[in-house]
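Peer 1: In the numbering used here, the protein residues as written are 2 to 156.
Be aware that one or more of the hints could be misleading.
The following label-pair restraints were derived from C-beta to C-beta distances [stated by the list, open to error]:
(1) G80 x P119: 43 to 51 angstroms
(2) R83 x A120: 33 to 41 angstroms
(3) H18 x F84: 20 to 28 angstroms
(4) S53 x V78: 20 to 28 angstroms
(5) T153 x Y33: 39 to 47 angstroms
(6) Y33 x A113: 26 to 34 angstroms
(7) P119 x Q34: 20 to 28 angstroms
(8) R20 x P74: 37 to 45 angstroms
(9) P137 x R108: 34 to 42 angstroms
(10) A152 x P74: 35 to 43 angstroms
(11) D12 x S131: 14 to 22 angstroms
(12) S53 x V24: 28 to 36 angstroms
(13) A117 x P93: 35 to 43 angstroms
Listed next, the in silico DSS-like pairs over lysine-lysine satisfying Cα-Cα at most 27 angstroms (straight line) [what the hints assert, rightly or not]:
(14) K105 x K22
(15) K116 x K103
(16) K105 x K116
(17) K22 x K103
(18) K89 x K105
(19) K116 x K22
(20) K105 x K8
(21) K116 x K8
If you're looking for bench data, these hints aren't it; they were derived computationally from the structure.
Note that beta-carbon positions come from the ideal geometry of N, C-alpha and C, so glycine has one too.
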Amino acid sequence: MAYWLMKSEPDVFSIEHLRRKNVAGWDGVRNYQARNFLREMAVGDGLLFYHSGAEPSGVAGLAEVASAPSPDPTQFVRGHARFDPRSKREDPTWVQVEVRAKAKLARLVALAELKANPALAQMRVVQQGSRLSIQPVSASEWQEVLRMARATPKK
DNA sequence: GCCAACGTTGGC
DNA sequence: GCCAACGTTGGC
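With the hints as extra help, turn the sequences into a complete structure.
Peer 2: Written out as structure tokens, the structure reads:
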């Protein structure tokens, strides 16, 4: 069982959107490093749903991987914002997974809090210039973020 | 809105 | 294969 952090702009697709749909395809990834992480995912993996470009940005909820990786259909849709003319049907470049909403976090854990926690100093999302939209999360980081969500934030 | 970080593209 | 130019991400 692995853990991941997945970024989304809440104006585009938020944790609330996912809760309403319950299951959604995580499509549109067009970065090779992120795609390679998608390929490693397995059903049941834990997901930290991260809101980027938000006020505040941070871990907004929990989800889980609900399907094995499969070709991302949007890469073949001419006119779609994520259409990739170089991707071939017989050898798709991009993949997606289905994700399922999980129990709500007690509260949003803001990026500033993650950065202020020495236990998370190695966490990818707190590193400067960390733009990758899909990141691996260690078991201890996962536990720590869940613990923070249960605790009262420091002021 | 600014801009640092960093991935991608394309000329050479 | 190098690297400058360009585009995107995302915090602030």
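Peer 1: Which numbered hints does this structure break?
Peer 2: 8, 9, 12, 18, 19
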